[in-house]
Amino acid sequence: MSDVAITVNKLGKLYRMGERERYHMLRDALTGLFTGPFKWRCNGRQPISNGNVSSATSGSKSEDCDFQSQQHIWALKDVSFEIKRGEVIGIIGCNGAGKSTLLKILSRITEPTEGEARIYGRIGSLLEVGTGFHAELTGRENIYLNGTILGMKKTEIDHKFDEIVSFAEVENFLDTPVKRYSSGMYTRLAFSVAAHLEPEILVVDEVLAVGDAAFQKKCLGKIGEVAKNERTVFFVSHNMGSIAQLCTRVLWIHEGRLRLIGSGPDVIGAYLSFGTKANAFWTNSCRNAGVVGIDIRTARVLDEAGELSGAIPFGQPLRVEIGYEVVTAIRNLAILCRLTNAQGTVLWTSWDTDATDWNGRLRQPARYSSICRVPGGWLRPGRYLLSIGTITNGAVLLDYHENVLAFEISEVGYRLNASRLGVVTPLFEWDIKTA
Amino acid sequence: MRGVSSQFSPIIIRASTGWVSLRLADLWDYRGLLYFLAWRDLKIRYKQTILGVTWVVLQPSFLTLAFSIFFGKLGGIPSDGIPYPAFVLCGLLPWQLFANTLIYSSNSLVANERLIIKVYFPRLVIPLSAAVVALVDFFVTLVVLFAIMTYYGIVPIFTVWTLPGFVLLAVAIALGAGLWFSALNLEYRDVRYTIPFIIQFWFFISPVVYPSSLVSETWRLIYSLNPMAGVIEGFRWALLGKNPVSGSSLAISILAALVLLIGGVYYFRRMERTFADVV
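So the protein sequences, as listed, match chains A and B. Each residue of the first sequence is one higher than the one before, counting from 111 in my numbering. Each residue of the second sequence is one higher than the one before, counting from 17 in my numbering.
No lab work stands behind these hints: they were computed from the structure. Among the clues, some could well be false.
Said to hold, decoys possible - Now the stretches of chain A that chain B is said to cover, found in silico as 3 or more residues with beta-carbon under 8 angstroms:
1. 230-237
2. 254-265
3. 466-473
Glycine residues also receive a C-beta, built at the ideal position from the N, C-alpha and C atoms.
Could you put the whole structure together from the sequences, leaning on the hints where they help?
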């Protein structure tokens, strides 16, 4: 019993659609009061508090109310789990899946609509670094202000002041207004204050996306250290590398529901291949064999084991398989494959005749597949696009399908500095000798 | 590290229903934040303005000058036998305390949006810290009052001991109204445009530049329905020792303060649960 940190039971949060964009005007509420008092009552205030849920979901007598109920969306629904003391829990999911809503409920910033969470211990949340930092105030002043906002007592800050300053490496700028800080210094100071908050449960949202690589590493170290002291960490990030590195268990939230909870590699793998599977396979819908005598049918990205995969772990080879049908015999045909990174840079274009003895050979009518083997260990983590085409006589493009395949090189297994320059990060062999 | 005992009583997070508890103990835990938020606002204001703290002193000084010339001299408004500048300043100080508390607290939630959506703390801390800022301003302006009173050789009598009561009353009325406005302001973004008008209107129906004795007996009761009438008259009486405030208008002020404040706190706490969702 005593080793439980958090239990969450059927937690749900109902929002009204589009609510974030819309501020209410008193004017509207007042005119609404006169023109349609009935409507006004149904409109209510959102998010719907506990009492109104039944009327929102089960529908009520007035048509207006039914109309309103369709605009409600469960940002979180039926989420239950239990977290033990000392665990580092990663939360992953697409944008808008409900991760932030969950963190906000656990941090008590917003109330759930249904269900409950029990938290055993002091909770500290870090949904943003530097909350409440004021540009006009000095570093010293901001440490006190931010620390208090995060829930520290003044004596606690006094006690840790030197530690905070040295962790942030801003000793010489303590009495400078933070508006004169570089963004790196600002971030370091902000994280440092937060890192010295010592709650039993720490909730961290994406803060590591900031700062230079060295500092990110320091932050990750700090989070790991926090967990060693029997404290629990909740960690939301889009960076699968740091999730894999830090977390003992991972929670995957999809469309407001808890889709999977389990060990890091399992959940991350499932999540990554879920998100991109659709793009790792492509079927050509146009048929133009009548014109050029050849039809590209399908193309897919396969992992080392030959399985269709949208997420290839860093360092592992992949295959691009292009299926096509030759309708009329054709000589000097080449199948083309082109790789583009997410920034649009063409990394290479390769023909299936480049390194095979098929150059100049006649392809008889039949179904073929050309497989391009791409070695691992040089594509840096990120999203890539593949274009497919056919070429004849060494130059004439018969058919070209741009960016029809997509895959991701995941951060799993990536050990290099994330900010290293270069379009690719090949792992060369080095010889190291003493002179 | 604190909170070891907390494992025995978990924090339970669930939707609150009906009347919520005020959780005033929670507020006490966060008194440090109250102090730092007020400190921040004061610090920033004095850092960003050239005049700094002198601005707070100059404002009532110039207003007193202008009122004395236009209303006192040219307008010939009576001042119950008190030198007009002293008379008007004694009305202006509680009025500004009231108006500033109301303005600061009404805008406080919108001004602190970032905090509301990113960190948990009892939200009441925000308008309360705004009231503290207005109080600090008020204490600074007392310098002007002492200067004027010395100039006219006015020595406060025993009634001056009631002054803190009237200060408290002005803050309570303003904060009560401010709590309503701040929560409304978050929900309905056009509320803020009505506040300057409300304050201006309220100024004219309060006995700041004229004595309430100017209002005829028949209208006096209706006039004193304005809770600030009792506060300002009381303030003058406390400082100058003349024209005691009537019991009925004082009772109205106290009643209004209680109703506004208690109602405001409850309304605020009820709305608090959705603050992070509506900003």
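Quick rundown of the hints versus the structure:
Counting residues of the region 230-237 of chain A whose beta-carbon sits less than 8 angstroms from any beta-carbon of chain B gives 6, enough to reach three: the coverage restraint holds. For the region 254-265 of chain A, the stated coverage by chain B holds: 8 residues have a C-beta nearer than 8 angstroms to a C-beta of that chain, and at least 3 were required. Counting residues of the region 466-473 of chain A whose CB lies closer than 8 angstroms to any CB of chain B gives 0, so the stated coverage by that chain is violated, three being the minimum.
In summary, the structure is inconsistent with hint 3 from the numbered list given earlier, while agreeing with all the others.
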